[in-house]
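Using the sequences plus the hints, can you model the full thing?
2 protein chains.
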Amino acid sequence: MNTVEVCFSTELFKVYDPKGKIVVVVDVLRATSVICTMMHNGVKEIIPVKTVEEAKEYKDKGYLVVAERNGEKLDFADFGNSPFLFTKEVVDGKTLVYSTTNGTNAIAVGKDADQVVVGAFLNFSAIVKYLKEQKKDVLILCSGWKGKFCIEDALLAGAISGSLIESGVFYTKCDSVNASIDLWAIAKDTMDTYVEKIAQKHRLKKLGLDDVIGYCFTIDITSVVPVLKDLLIVPLG
Amino acid sequence: MNTVEVCFSTELFKVYDPKGKIVVVVDVLRATSVICTMMHNGVKEIIPVKTVEEAKEYKDKGYLVVAERNGEKLDFADFGNSPFLFTKEVVDGKTLVYSTTNGTNAIAVGKDADQVVVGAFLNFSAIVKYLKEQKKDVLILCSGWKGKFCIEDALLAGAISGSLIESGVFYTKCDSVNASIDLWAIAKDTMDTYVEKIAQKHRLKKLGLDDVIGYCFTIDITSVVPVLKDLLIVPLG
Numbered sequence: 170m171n172t173v174e175v176c177f178s179t180e181l182f183k184v185y186d187p188k189g190k191i192v193v194v195v196d197v198l199r200a201t202s203v204i205c206t207m208m209h210n211g212v213k214e215i216i217p218v219k220t221v222e223e224a225k226e227y228k229d230k231g232y233l234v235v236a237e238r239n240g241e242k243l244d245f246a247d248f249g250n251s252p253f254l255f256t257k258e259v260v261d262g263k264t265l266v267y268s269t270t271n272g273t274n275a276i277a278v279g280k281d282a283d284q285v286v287v288g289a290f291l292n293f294s295a296i297v298k299y300l301k302e303q304k305k306d307v308l309i310l311c312s313g314w315k316g317k318f319c320i321e322d323a324l325l326a327g328a329i330s331g332s333l334i335e336s337g338v339f340y341t342k343c344d345s346v347n348a349s350i351d352l353w354a355i356a357k358d359t360m361d362t363y364v365e366k367i368a369q370k371h372r373l374k375k376l377g378l379d380d381v382i383g384y385c386f387t388i389d390i391t392s393v394v395p396v397l398k399d400l401l402i403v404p405l406g
Numbered sequence: 170m171n172t173v174e175v176c177f178s179t180e181l182f183k184v185y186d187p188k189g190k191i192v193v194v195v196d197v198l199r200a201t202s203v204i205c206t207m208m209h210n211g212v213k214e215i216i217p218v219k220t221v222e223e224a225k226e227y228k229d230k231g232y233l234v235v236a237e238r239n240g241e242k243l244d245f246a247d248f249g250n251s252p253f254l255f256t257k258e259v260v261d262g263k264t265l266v267y268s269t270t271n272g273t274n275a276i277a278v279g280k281d282a283d284q285v286v287v288g289a290f291l292n293f294s295a296i297v298k299y300l301k302e303q304k305k306d307v308l309i310l311c312s313g314w315k316g317k318f319c320i321e322d323a324l325l326a327g328a329i330s331g332s333l334i335e336s337g338v339f340y341t342k343c344d345s346v347n348a349s350i351d352l353w354a355i356a357k358d359t360m361d362t363y364v365e366k367i368a369q370k371h372r373l374k375k376l377g378l379d380d381v382i383g384y385c386f387t388i389d390i391t392s393v394v395p396v397l398k399d400l401l402i403v404p405l406g
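Chains L and B, in that order, give the protein sequences. Take the position in the first sequence, starting the count at 1, then add 169; the result is the number in the numbering used here. Take the position in the second sequence, starting the count at 1, then add 169; the result is the number in the numbering used here.
Quick caveat, the hints were computed from the structure, so don't treat them as lab data. Hints may contain errors.
Any copy, or any two copies together, can satisfy a pair, since identical chains are not distinguished.
[Stated by the list, open to error] Derived DSS-like pairs (lysine-lysine); straight-line CA-CA distance at most 27 Å:
id : residue 1 : residue 2
1  : 375       : 188
2  : 188       : 298
3  : 342       : 370
4  : 375       : 342
5  : 304       : 366
6  : 280       : 305
7  : 280       : 183
8  : 228       : 398
9  : 315       : 305
10 : 242       : 366
11 : 315       : 188
12 : 374       : 242
13 : 374       : 342
14 : 230       : 242
15 : 183       : 219
16 : 366       : 305
17 : 280       : 315
Bear in mind that the values here come from a model prediction, so they are computed numbers and not experimental data.
Dropping the structure here:
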């Protein structure tokens, strides 16, 4: 039996012990949904960077850069953070540099974990299947919003951890897991209305960027499992 | 209209802005339930201290000291952390020093807030009534467990914030509020079984200290509103 835990914010990651575990990074609106879309459409590798300065340095070196803060594309960047931008024509075979508001510090997260994978509703079944096969403890890290708890990430954490526990080979002693499973149970059949409770939905709407929400809550458009390898995000395998 | 927010862990308090707000500190199992019990039974004032060292210094000065770590009474202390210890006979008119595992750093919390009050299920209606009367923004701070999210604190946060919003004079844009309200809606009529999901229930049971749980989830045994004043916890008024 393996354990599954959920951490509700990158600010809380330090009170968890990722050693020997697979960490599933989750940022439904929108980073991990964007990463899964890029990878589904053939991106070669993604270089995750934390600061605007790093993103700018890569731009100066000639890289294609995706960068947003507070939902909006940064001036110098090639792309903002909508998954719809990253079609096969645009990203196939390319290397992209990626920096977002709640962008997880990949170095910090990856340092002690056994492996870091990227989860979204878009690759839900692929992630669950992969985690079940590994026979390792799992820690789902919700990116949150500027350190705060986010409903959308908790819902995905609940969907994933619930599936793992239902399989009978995972158990939990983690309150965040039990709460997430309950929230997902309430939301899953009523997402059209439940989404109104999500603050990020309203932030994106204000910016005219909420057209992506239905897409980001779509289950299983892809079977890719993006994984952190030598500080790059690449397809598994 | 005033806002209500919920912060799920003392480790996340720094990403909230308590300025001008009433902060409701919540630690259902067991600190804020104990404090409400003490005050209901006539304690004069409580000196909250963060470290074991501080608690020991007070003991050396002759104060009555309540101190636990990981659920268990510390050797030098007069009392552990069970609310049943603090009868009228024991505490009436007394000053107590209080230090617990997840004991909130009262200085840090009180520094910028307009006021800090202590919430439990035991004084639920009194807290809600008081908050409605103040016409100020409210931030409910869940103590959590060693920085992690706790279901029991989220349930009380949901009960309080739900009542405030139902009254029509509070609103929220906070995902933690909406999630807490949903969790309380699931749990409230099934607490006897729901309590099994709570990690702290199992920690206390292991220590033989779970006899307090039913009591700590009892609504309205008292109408006291404990409040932080000059770094002491005293009854409101």
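Point to revise | Intra- versus inter-copy proximity for residue 183 and residue 280 (alpha-carbon distance at most 27 Å) | key: both (12 Å within a copy, 25 Å between copies)
Review point. How do residue 315 and residue 305 come out at 27 Å by Cα distance, when the copy is not named: within, between, both, or neither?
Key: For residue 315 and residue 305, the Cα distance is within 27 Å only across copies (24 Å; inside one copy 29 Å).
Check your understanding: Is it within a copy, between copies, both, or neither that the alpha carbon of residue 304 lies no farther than 27 Å from that of residue 366?
Key -> This pair counts as between: shortest inter-copy Cα distance 24 Å, intra-copy 35 Å.
Point to revise | 27 Å Cα threshold - placement of residue 370 relative to residue 342 | key: Answer is between; shortest inter-copy Cα gap is 11 Å, intra-copy 31 Å.
Exercise for review: Using 27 Å as the alpha carbon limit, work out where residue 228 and residue 398 are close: within a copy, between copies, both or neither.
Suggested key: within (22 Å within a copy, 54 Å between copies)
Point to revise | Intra- versus inter-copy proximity for residue 298 and residue 188 (alpha-carbon distance at most 27 Å) | key: within (21 Å within a copy, 46 Å between copies)
Point to revise | Same-copy or cross-copy closeness of residue 280 to residue 305 [CA-CA at most 27 Å] | key: Intra 17 Å, inter 43 Å, cutoff 27 Å: intra-copy only.
Point to revise | Homomeric proximity label, residue 183 with residue 219: Cα distance no greater than 27 Å | key: both (17 Å within a copy, 20 Å between copies)
Check your understanding: Given identical chains, is residue 374 near residue 342, meaning Cα to Cα at most 27 Å, within a copy, between copies, both, or neither?
Key -> Between. Shortest inter-copy distance 14 Å satisfies the 27 Å Cα cut-off; intra-copy 37 Å does not.
Review point. How do residue 280 and residue 315 come out at 27 Å by Cα distance, when the copy is not named: within, between, both, or neither?
Key: both (21 Å within a copy, 22 Å between copies)
Point to revise | Intra- versus inter-subunit Cα pairing at 27 Å for residue 375 with residue 342 | key: between (39 Å within a copy, 14 Å between copies)
Check your understanding: From the Cα coordinates, with 27 Å as the cut-off, is the pair residue 366 and residue 305 best called within, between, both, or neither?
Key -> between (34 Å within a copy, 23 Å between copies)
Checked against the numbered hints given earlier, the structure satisfies every one of them.
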